[in-house]
Amino acid sequence: MRQALQRFEAVCDAPLAYARALKAESGRRIIGVLPMQFPLELAHAAGALPVILQEDREPITVGQSQVFTFYCGYNRSLTDQLMRGEFDCLDAVLFGDHCVQLLATADVIRAHLPNTPILFNQLISSLAAPWAMEETRNTFRQLWSELEELIGRPIAAADAARSIRLYNRDRQLMRAAFDLRREGRLNLTGRQMQLIVKSGMIMDVEAHIALLEEIVGAAAPTPAPETGVRVYLSGHYCQAPKPEILDVIEECGGHIVDDDLYHGFRFISTDMDETLEPVEALARWYLERNLRAPCATLSDERADWDDFLLDAVGKARAQGLIILQVKYCEPHMYYYPEIKEAFDQRAIPHLLIETEHEQMPLEALKTRVETFLEIARRRAA
Amino acid sequence: MTNLIAEAPFKDNPAAPAYGTGERADRLKATRHGGKLVNDYWADLFAAKQEGRKVVWYNGTHIPPFFQAHGLAWVHGEAWSAYLAAKHGEAPAQKAGEARGYDRELCSYARTHLGQAILSIKAAQEGVAGGADDARSLTMAKLPMPDMIVNAYPYCSSGQQWDDMVYRMFGKKIPIFNVSVPLLWGGRKDAGYLSGSEWEERSDYVSKQLRALAAFLEENTGRKFDWDRLSEAMSYIKRAAELRLECFDLCEARPAPATFFDWIASIAHLNFMPGTQAIVDYFQMLRDEIAGRVARGEGAVKNEKYRLFFDGMMNWNRVGWLADKFASVGASVVAGRYTHMAFWQEPGLIDVNDPVRGMAQNYLICPNNHGAPIMIEQINRLCDKFAVDGLVMHVSRPCRGMTNQQFLIADAAKRRGRQSLFFEGDVADDSFYKDELLNTRLEAMIESMDAQRRAA
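Chains as they are written, first to last, in our numbering: chain A, 1014 to 1394; chain B, 361 to 816.
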C-alpha cells in the first residue's frame, strides 16, 4: 500500500510532468479538463489522457497580469501556470461548467494558446428544467463530434462504453476505500485519501485502478479502535484543500471520517449506467450525481445541500462539520448561510475555514480547530 | 469639522481632481423627464398588489415584455439594488444580508436584493417594516413580495445562484422558472457576430425556453398568454431601441453631444420599463435634443479634448460624480460596453409579428455573453466608430461577469494604440471605490495621451 500511495503522491505533486512523460512514452494526446462536472470518459475514448487541471503550489506571479486578485485561488493558479508555459503540453482543453470565473480563465487560455482547441460545451445548470435531459444529450453529442474532429477519426461507441466501464471501476474502488476508512479497516489519513482521489483525476485510469486494488486489498478484516473526534469535511470546490490543513485537523485530534469535497466523495459519488448507450449514460450521470452530492453551482429543486449534509454527517456518526470554503468561491458563499442555519438549528458543531492559495497561517488555524474539536467533544459527551 | 467640499480645488465640482478645468458635465435635459418616467414605474409597482396584479421578481436580461403582455408587475432585482444605491439607501439591505452570512465578496446587487428579501420576509412575519429603525428602509418597505420568480441570466453563474437563494429563502413555495441563456463561446469554425451554427442553435434553444416561460406564466395565473400584446410591447421597444441607435450615431460628432452617463441614465427605459409610447417619446426627445446640440456644435463636455470608452458595470453610487470628474478634465466618455452593447442593441433582429426569436437573440448578445474574441471585436468596432483615444476599465470588484475579460480588452486596445486605465469600484457597494486612485490614474492617462499626440 505504501508504494501505491507514494506513486500517487509523485503524480499529485507534478501532474503535468506525469502527463508529459506519458505522452512522450505513448504518444497519447493530453487533454486538460476544467472542473467540476465534466466527465473524463469521452476524452479517454478518444485515445487521450484526460487530466483535470489542478491548482499548483507555486506563488502567483506572472499570472497577475491576466487575472484579478479577487478571483479564486484555483483560477489564479491556472492563469499563472498558463503564463509560465505549463500548459504548452496540452493538445486541447475541455470544459462545460457554468462558473463565471472559469469562463474567464478559459478565455485567457484561448488568447495565450491560440493553437490549442478549447472545446467548450456548456452543461445546463438548471437541472430540474423539463429540457435538461435533451439539452445534456445534445451537449455530449456535440462534444463527441468535436473530439472526433480533434483526433481526425470517429470514436466508436464500443470504445466509449469501455471507457465508461473503466471509470466506473475506478470510482467503485475509490468509494470502497472511503467505506473501509469510515469503518476503521483502512488506516488512511486525510492527506492520503486526497492523494487517492486527486491522482484519479490525473493518471491513466487503468494504472490508477491497478494501484487502487493494492490499497483496497490491504484493508484489515476488523476495525481498528476509534480515536479522536469524528469530523466530516465539506466544500472546497474545484481545487484540493492544502494537505497541511488536513494534517492540522488530524494533529489537533480530529478523525476525518467522510467528506463531500470535490477531491473526495463529490468526484466519485456516481457511476454511469453501463447498460445504456454512451451518450444517454453520460447525460443521466450528469443529471443524477447532483442528487448524490448536491452542488451549489447547480440549480436543482430536487436537491438541498444542507439536508444532504445533515444526513451525511449523521450517517458518518460525525461529531462535527468542518466547512472548507475557497475564498471568492461564489456558489459556496451563497449557500453557506443555509448550511450554517441548518446546523445551528440542530446544535451540531460546525466550523468555517476560508482557504486561500497563499496566506494560510497554520498556527492560527490550529487554535481554531483545537477549540472547535473541544466543543464538539464536549457536546457529544 | 473640515468641510472637504468647500476646500475642494473646484468648489462647484467636488468630483474634479486637482488638475483640469473643474467644468461639470452638461447632462441632457431630457434625462430629467426620463427620471420622472422611472419614478412613475416604481410608484406603479408599489401599488401593484393593491390593484390585484401579481408580481414577478426576476433577474438577468430584459424579459419584462413577457410580464407586460400578461398583465403582471415585475421587479428586476439588479435594478432595485441599483435604485437603492443611486438613492444611497442600500445599506440596510446590505447589512441584513451580511448579518445572515452573505460574504462581502458576493455581487453587491445580489447582497442588496437578498437583504431586501430577508427584511421583506421579516416584515411579513412580524407585521412591521423591515429595518424600521433605519429611515433609509422606508423605500424598501414599499417593495411588493413576489408571486413568481424568473431567472434569465446570461453569462454570469452568480445570477442563477442568487435567484436560487431567493427561491429557497421563500421556502421553495414561490414558483420559479429558469431560462438558460448559454454563453456564445465562438469556438466553432463558422463562428461570427450574429452568425454561425452555434448562434443558430442557441437562438433556437432560448426561443424554446421563452415559449415555455409564457406557459409558466399561464399556469401560475390561470390566464391565457396574449401573444398580440407581446408584439405590441415589442413594437414600442423596437422603435425606442432604433431611436437610441440614432442617438448613438449622432454622438460620433465632435464634440460629442451626449456621453456614456446620459446613456446610463437611459438604461432603465429599455431594460425593465414597459414597452409603451412613453419610451418611444422619451428617446425621440433625446434624439431631438442631441440633434440640436450637434447643429449648434455643443458638447456634453466643455472643451472636449479626449474621447474615452467606459468598460465595466456602472457604479450606481457615483453616476453624477463620475460624469463630472471626466468632464472636469475635458474627457468625453462617448461610449461603453454596458450601454452600447446591451439593451436591444440589435433591434433589426426583432420581427414584431413574431418577436420571440429576435428577443432571444438580443438576450444572447448581452455585453458579456460572447467569448473574448468576438466581444473584443465589437468593442474595437465601437472605439473606431467613436474615435476613442482611451479606455476606462471600471473594475467592479465583486462582479466577475464584467471584469472577466478586462485584461484582454486592455491588451487589444494597446495594440491599437489606445491607452487604458483601471479603477476599482462596484455597482452598489461604495466602499470599494477609492476616489484619489482614480484621480491619479486619470491624470497619468491624460499625460500619456498628450505625449502620444505630441509624438504623432
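Wrong hints could be hidden among the right ones.
Said to hold, decoys possible - Straight-line alpha carbon distances no greater than 30 Å define the calculated DSS-like cross-link-like pairs of lysine-lysine that follow:
| id | chain 1 | residue 1 | chain 2 | residue 2 |
| --- | --- | --- | --- | --- |
| 1 | B | K482 | A | K1353 |
| 2 | A | K1328 | B | K533 |
| 3 | B | K662 | B | K414 |
| 4 | B | K568 | B | K396 |
Keep in mind that the hints were calculated from the coordinates and are not lab data. Note that the structure is a prediction, hence the values are computed from the model and not measured.
Going down the list of hints, with the structure as the test:
1. The suggested pairing of K482(B) with K1353(A) holds, with an alpha-carbon distance near 19 Å, which does not exceed 30 Å.
2. Restraint check: the Cα-Cα separation between K1328(A) and K533(B) comes to about 29 Å, which is no more than 30 Å; the hinted pair holds.
3. Note on K662(B) and K414(B): the hinted pairing is violated, with a Cα-Cα distance of about 48 Å set against a maximum of 30 Å.
4. Among the hinted pairs, K568(B) with K396(B) is inconsistent with the structure: their alpha-carbon atoms are about 36 Å apart, more than 30 Å.
Violated hints, listed in ascending order, are 3, 4; each of the other numbered hints is respected by the structure.
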